[in-house]
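Following the hints, put chains L, Z and F in place on chain G, whose structure we already have.
Chains as they are written, first to last, in the numbering used here: chain G, 71 to 309; chain L, 71 to 309; chain Z, 405 to 621; chain F, 405 to 621.
In short, the hints are calculated from the structure, not lab data.
One or more hints might be untrue.
[Unchecked claim] Restricting the straight-line Cα-Cα distance to at most 20 Å, the calculated cross-link-like pairs of lysine to aspartate or glutamate (DMTMM-like) are:
| no. | chain 1 | residue 1 | chain 2 | residue 2 |
| --- | --- | --- | --- | --- |
| 1 | F | Lys520 | G | Glu207 |
| 2 | G | Lys138 | G | Asp168 |
| 3 | Z | Lys520 | L | Glu207 |
| 4 | Z | Lys413 | L | Asp168 |
| 5 | L | Lys203 | G | Glu164 |
| 6 | L | Lys230 | G | Asp271 |
| 7 | L | Lys211 | L | Glu201 |
| 8 | G | Lys138 | G | Glu157 |
| 9 | G | Lys203 | L | Glu207 |
| 10 | L | Lys203 | L | Asp168 |
| 11 | F | Lys520 | G | Asp79 |
| 12 | Z | Lys572 | Z | Asp582 |
| 13 | F | Lys520 | G | Asp168 |
| 14 | F | Lys527 | G | Asp271 |
| 15 | Z | Lys520 | L | Glu157 |
| 16 | L | Lys144 | L | Asp129 |
| 17 | G | Lys144 | G | Asp118 |
| 18 | F | Lys527 | G | Glu296 |
| 19 | F | Lys520 | G | Glu155 |
| 20 | Z | Lys527 | L | Glu296 |
| 21 | F | Lys527 | G | Glu164 |
[As the list claims (entries may be wrong)] Sample of chain F residues facing chain L (criterion: CB under 7 Å; computed from the structure):
| no. | residue |
| --- | --- |
| 22 | Glu418 |
| 23 | Gly422 |
| 24 | Met443 |
| 25 | Phe486 |
[What the hints assert, rightly or not] Some residues of chain L that are not near chain F, with every Cβ distance over 10 Å (derived):
| no. | residue |
| --- | --- |
| 26 | Val77 |
| 27 | Thr92 |
| 28 | Gly115 |
| 29 | Val116 |
| 30 | Asp154 |
| 31 | Glu155 |
| 32 | Ser162 |
| 33 | Arg180 |
| 34 | Glu201 |
| 35 | Asp209 |
| 36 | Asp222 |
| 37 | Asp232 |
| 38 | Val267 |
Every residue, glycine too, gets a C-beta built ideally from N, C-alpha and C.
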Amino acid sequence: MALDKTVRDVQAACRGIEDGMTVMLGGFGLCGIPECSIGELARTGVKDLTCISNNAGVDDFGLGLLLKTRQIKKMIASYVGENDEFERQMLSGELDVDLIPQGSLAERCRAGGAGIPAFFTPAGYGTEIAEGKEVREFDGKPHILESALTADFAIVKAWKGDTAGNLIYKATARNFNPAMATAGRITIAEVEELVPVGELDPGQIHTPGIFVQRIFQGAQYERRIEQRTVAPASNESKG
Amino acid sequence: MALDKTVRDVQAACRGIEDGMTVMLGGFGLCGIPECSIGELARTGVKDLTCISNNAGVDDFGLGLLLKTRQIKKMIASYVGENDEFERQMLSGELDVDLIPQGSLAERCRAGGAGIPAFFTPAGYGTEIAEGKEVREFDGKPHILESALTADFAIVKAWKGDTAGNLIYKATARNFNPAMATAGRITIAEVEELVPVGELDPGQIHTPGIFVQRIFQGAQYERRIEQRTVAPASNESKG
Amino acid sequence: MLDKIGIAKRIAQELENGTYVNLGIGIPTLVANLVPEGMNVEFQSENGILGMGPFPTDADVDADLINAGKQTITALPGAVYFDSAASFAMIRGRHVQLTVLGAMEVSQQGDIANWKIPGRLVKGMGGAMDLVASAENIVVAMMHTNKHGESKLLSSCSLPLTGVACVKRIVTNLAVLDVKDGVFHLVERAPGVSVQDIQAATAGDLVVPAEVPEMQI
Amino acid sequence: MLDKIGIAKRIAQELENGTYVNLGIGIPTLVANLVPEGMNVEFQSENGILGMGPFPTDADVDADLINAGKQTITALPGAVYFDSAASFAMIRGRHVQLTVLGAMEVSQQGDIANWKIPGRLVKGMGGAMDLVASAENIVVAMMHTNKHGESKLLSSCSLPLTGVACVKRIVTNLAVLDVKDGVFHLVERAPGVSVQDIQAATAGDLVVPAEVPEMQI
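So here's chain G without its partners, still in its complex pose (with noise of 0.2 Å):
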């Protein structure tokens, strides 16, 4: 039978998120992200955090909202541009922040999760990202070594669940989740929709729940647009 992964709600899911650990967050800008998790983050005020997620959200919205509370002691991403506050902590040097390529830091999380503690990569080889780092040629092109990432918990943001943590994710909302999702010590899997076990097609599942500890159905998400951009109006009856 199906193991069974559901908690209750936000609070009974972000239960034993301490000051001082260690949490990846999936999504890219504002999409596909467990806005209910960093919600309930925020409500706790548990501080002092390391967060890993390719984005620092914005000002007012994602991981933006942290920042402001001032809950978050360093910050691993890959691009940061579109928060204000985000900027002037980190040159103000409040903040401790790790700029990692955005493939890599795919990569580690997805080694982080799968038993593999460091592979090389061309990636950022020749830049400030492969200081102290071991350089390695691979027919005659020079890789740098990279290591994996983990964290304490993973929170994910997916489109449809079931109880033993089986996720599909949406359209570009898939992006980080899913190799955040293997990397968590204890990994949060928040849904649009949680449905019974059997309800997903086996094979259509794109995070398997053996990589899912808790997971439950969130509430009223905004899904916030960052660049709505959409095409004029006479571009429309081209079809």
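This is chains L, Z and F only, laid out in the frame that chain G set:
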């Protein structure tokens, strides 16, 4: 517009596979193997092949067909216990064999497709697999450095595919196919059903078409079962 | 003395509720049908399924749905299929808590040999090297002696190794033994088997406590 | 002299039929709408889509469907969604044939700097470091000079690097230039721009052939 990867038939698909080349073939046991393409290789008589495949088929099916005709010079696999001819050729020294832990084989293929030239894994440490390989400790546990695998051609079998080369596999016939699909200089996909673009759900593709250079609809799949195990009739009433 | 079913029944007592388990070919496979009442575990097969169910009825046999032993199987509600790289990511990443597998030899250091007899048997290691290098808990299910009557529990393995210092517990037709501090520790006797029988059949160093309970199966 | 649309139009001529292309933020994004008639390319966006289409109509806007610039987009028939690790596997594995991106500086060795101004601008490299370290073909789209009128084509970059020896071609508002053998090579002039204008705006070493054709846009 999606790119068109279709070729007319198995002959067109296998064009360019020449003596001495390295060919990866998906499948686990006889499940999910590219039956049509293997038949075509037997027909063309191309020889001195290095085949990378988890298994070597059975005496009269799968890669066993190419072993019988001595078309394979070297076999890279993880388990070959089902094939007497294989064992005979290996023990007599006619066939060069490289046995690799199954997980390392899968990860090495994925790495080959993903531009990761090498990675550390704990599998095989302290065994003859580790001979000549770099050993390094991470978190107090010894790991060995394994390198990426690529091939001149990768041949995979999928359930459904579209003309852009997007693939969906059925049940456990997925196995090595997705990783190998990424690692061929040219990747050939044979599918049971070829559909126009737009028919497959973009969120439910297992192998994105970017990895596939040639696709065709195969014919007359035998889908042979290696170990037909069934529940006794008395069990059926249990549901 | 236990038969293979008996060994599998004793192994089944090692299962922990709410865990993911990988069962090797042979005796371990039998464990799937012997899960204790009220115990909930999910079986992973490394060829690409979580939530493996029993053998299918004749009408339900599907060539595309097999386990790592190439046997036709079924999928339980909540099952998932995935590719081989993802499957071993689960295994290597220690998401599968328990691996049960067979062995030709086990040493008192916890080394295991189960894939090759030089010059004779060449089958390959399959997923065994990844499994024994990765799982938190490795339990071996095997006969205590080989067909020549020689002990399979040795001070050090004579055959090419599958993994080093990885086996935690061994369940044989004669006994349950733990591997700790470089020696075998006798934990339980099979019904009707004496400590002397076990000592005689164990070539490696064996620590025997004052009291050795009989297995409860 | 070209405007940004002009640069994008010239870049569009670099597209090859039947290839996969990644377009960076800014000028490169404009290229998607300027694909020449009869040319078939597929756009990859590194946040997880192949087969990216134009912006949606107001009614079709979906917060869950964006590109790497966080803009709402559509998916064309045959599109695929995938996760970030898979996306960069495509990029790092050289399955994306062409990357077009902007730059703050390019050196005559083909080094590129586009992610950081020490002590001032801190945005992060996003996927740029992976892209420039990986793609077979890297084309930079940028203005020839910065807002202070200083050349962005230098003998060596002054800003922190994004990648080394990776840029193959540069398209600016003034010219098309190739990077080869450690120097810039002038390939084409923008309409109405003289070789002298280009030389004056290029700080790095520039090889000028006898004949420098004007771009055909």
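Hints, verified against the model:
no., hint, verdict
1, F/Lys520 with G/Glu207, "violated, 27 Å"
2, G/Lys138 with G/Asp168, "holds, 19 Å"
3, Z/Lys520 with L/Glu207, "violated, 27 Å"
4, Z/Lys413 with L/Asp168, "violated, 37 Å"
5, L/Lys203 with G/Glu164, "violated, 44 Å"
6, L/Lys230 with G/Asp271, "holds, 16 Å"
7, L/Lys211 with L/Glu201, "holds, 17 Å"
8, G/Lys138 with G/Glu157, "holds, 12 Å"
9, G/Lys203 with L/Glu207, "holds, 16 Å"
10, L/Lys203 with L/Asp168, "holds, 14 Å"
11, F/Lys520 with G/Asp79, "violated, 41 Å"
12, Z/Lys572 with Z/Asp582, "holds, 6 Å"
13, F/Lys520 with G/Asp168, "holds, 13 Å"
14, F/Lys527 with G/Asp271, "violated, 40 Å"
15, Z/Lys520 with L/Glu157, "holds, 12 Å"
16, L/Lys144 with L/Asp129, "holds, 17 Å"
17, G/Lys144 with G/Asp118, "holds, 8 Å"
18, F/Lys527 with G/Glu296, "holds, 16 Å"
19, F/Lys520 with G/Glu155, "holds, 17 Å"
20, Z/Lys527 with L/Glu296, "holds, 16 Å"
21, F/Lys527 with G/Glu164, "holds, 16 Å"
22, Glu418, "violated, 17 Å"
23, Gly422, "holds, 5 Å"
24, Met443, "violated, 10 Å"
25, Phe486, "holds, 6 Å"
26, Val77, "holds, 14 Å"
27, Thr92, "holds, 17 Å"
28, Gly115, "holds, 31 Å"
29, Val116, "holds, 26 Å"
30, Asp154, "holds, 38 Å"
31, Glu155, "holds, 35 Å"
32, Ser162, "holds, 38 Å"
33, Arg180, "violated, 7 Å"
34, Glu201, "holds, 29 Å"
35, Asp209, "holds, 22 Å"
36, Asp222, "holds, 15 Å"
37, Asp232, "violated, 6 Å"
38, Val267, "violated, 3 Å"
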